[in-house]
Amino acid sequence: MIDRKLEIFRMAAMVGNFTEAAAALGMSQPNVTHQLARLEKELGVRLFLRDGRNVLLTPAGKELSASCGQLFADSEKIIRAVRCAEARQSYHRLGGTMTAGGYLLPGLIASYMAAHPGEALDLKIGNTREISEQLAARELDVALVEGPFEQNCFLSESCCDDELVPVFAPGFCPREISLKEYLDEGKTIVLRETGSGTRYYFDRFLTEHGIVPPKQREFFEVNSFDALKLLVRNKLGITVISRMAVQDELAAGHLECGHFTEGTIRRKLHFIYLPDADHRFVGAFIRFCRGKLRKKTIG
331 MIDRKLEIFR
341 MAAMVGNFTE
351 AAAALGMSQP
361 NVTHQLARLE
371 KELGVRLFLR
381 DGRNVLLTPA
391 GKELSASCGQ
401 LFADSEKIIR
411 AVRCAEARQS
421 YHRLGGTMTA
431 GGYLLPGLIA
441 SYMAAHPGEA
451 LDLKIGNTRE
461 ISEQLAAREL
471 DVALVEGPFE
481 QNCFLSESCC
491 DDELVPVFAP
501 GFCPREISLK
511 EYLDEGKTIV
521 LRETGSGTRY
531 YFDRFLTEHG
541 IVPPKQREFF
551 EVNSFDALKL
561 LVRNKLGITV
571 ISRMAVQDEL
581 AAGHLECGHF
591 TEGTIRRKLH
601 FIYLPDADHR
611 FVGAFIRFCR
621 GKLRKKTIG
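Just so we're aligned, residue 331 is where the sequence shown starts under the working numbering, counting upward by one.
Just so you know, nobody snuck in bad clues.
Here are the computed lysine-lysine pairs in the DSS-like style, where the Cα-Cα straight-line distance is at most 30 angstroms:
| hint | residue 1 | residue 2 |
| --- | --- | --- |
| 1 | K545 | K510 |
| 2 | K517 | K545 |
| 3 | K622 | K454 |
| 4 | K510 | K598 |
| 5 | K371 | K335 |
| 6 | K407 | K622 |
| 7 | K598 | K622 |
| 8 | K335 | K392 |
| 9 | K454 | K598 |
| 10 | K454 | K392 |
| 11 | K407 | K335 |
| 12 | K625 | K454 |
| 13 | K598 | K545 |
Please keep in mind that the hints were generated in silico from the structure rather than gathered at the bench.
Note that the coordinates shown come from a computational prediction; the quantities given were computed from them, not determined experimentally.
Start from the sequences and build out the full structure, keeping to the hints where you can.
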């Protein structure tokens, strides 16, 4: 549905090189240059500046590039909605932060779709900052997040409680750990990236207990739970992670968890959505999830 010239522009803007853009799109470099020249002529502006073999975006090009993200998301939404209408399905887009989206939402979504065969759902996963931005841009209908969110922008409803625990390789350290002493000794801690809910609550825990943050050489930052768990299993250091994210590894004996002598890190997961969201669907989905989680807790 989107003009091919915009697709070419988007790729060229991403890679900053017409030859690389042509290779990625399966086109010849002269054809890419020709199509972009046509786009500039139609818009009456210059989009690129030459910088040796590479190209840089002009102010007009930067504005067009920023607008392309929403344009392509809207196009994808329209195509999916039309196809779902043909199949007589309603279509909704869900977001989840790394813990919620990776370990809690998949089971809830599968159960919801089984109980509502006329509804199709998609799931996007990212850290709290990324998911909040996608929701604000109306790329999502509702999201489940574990990190802080802008309460002036979103409506919210609580979902469930979660606990962050110290996790380490079997026998790597005692079950009862003083986080202050561990860090004071210069030992390594493996952490999620800044912008994630897990990192936010860990940093807040440090502040609340007057613990000096680890120095750059004393922590390893990673934005993947799988990589994080493998690093810990290989005894690089300990991590702080949601219990639900390591329940399989704990059960299999691949990892162990303990507790900090300074206290417990608890947080609450929230559903967040925009005031003008489809409240019929959002309300029904939240009620369904709460019911499932309540039954699981009771069971």
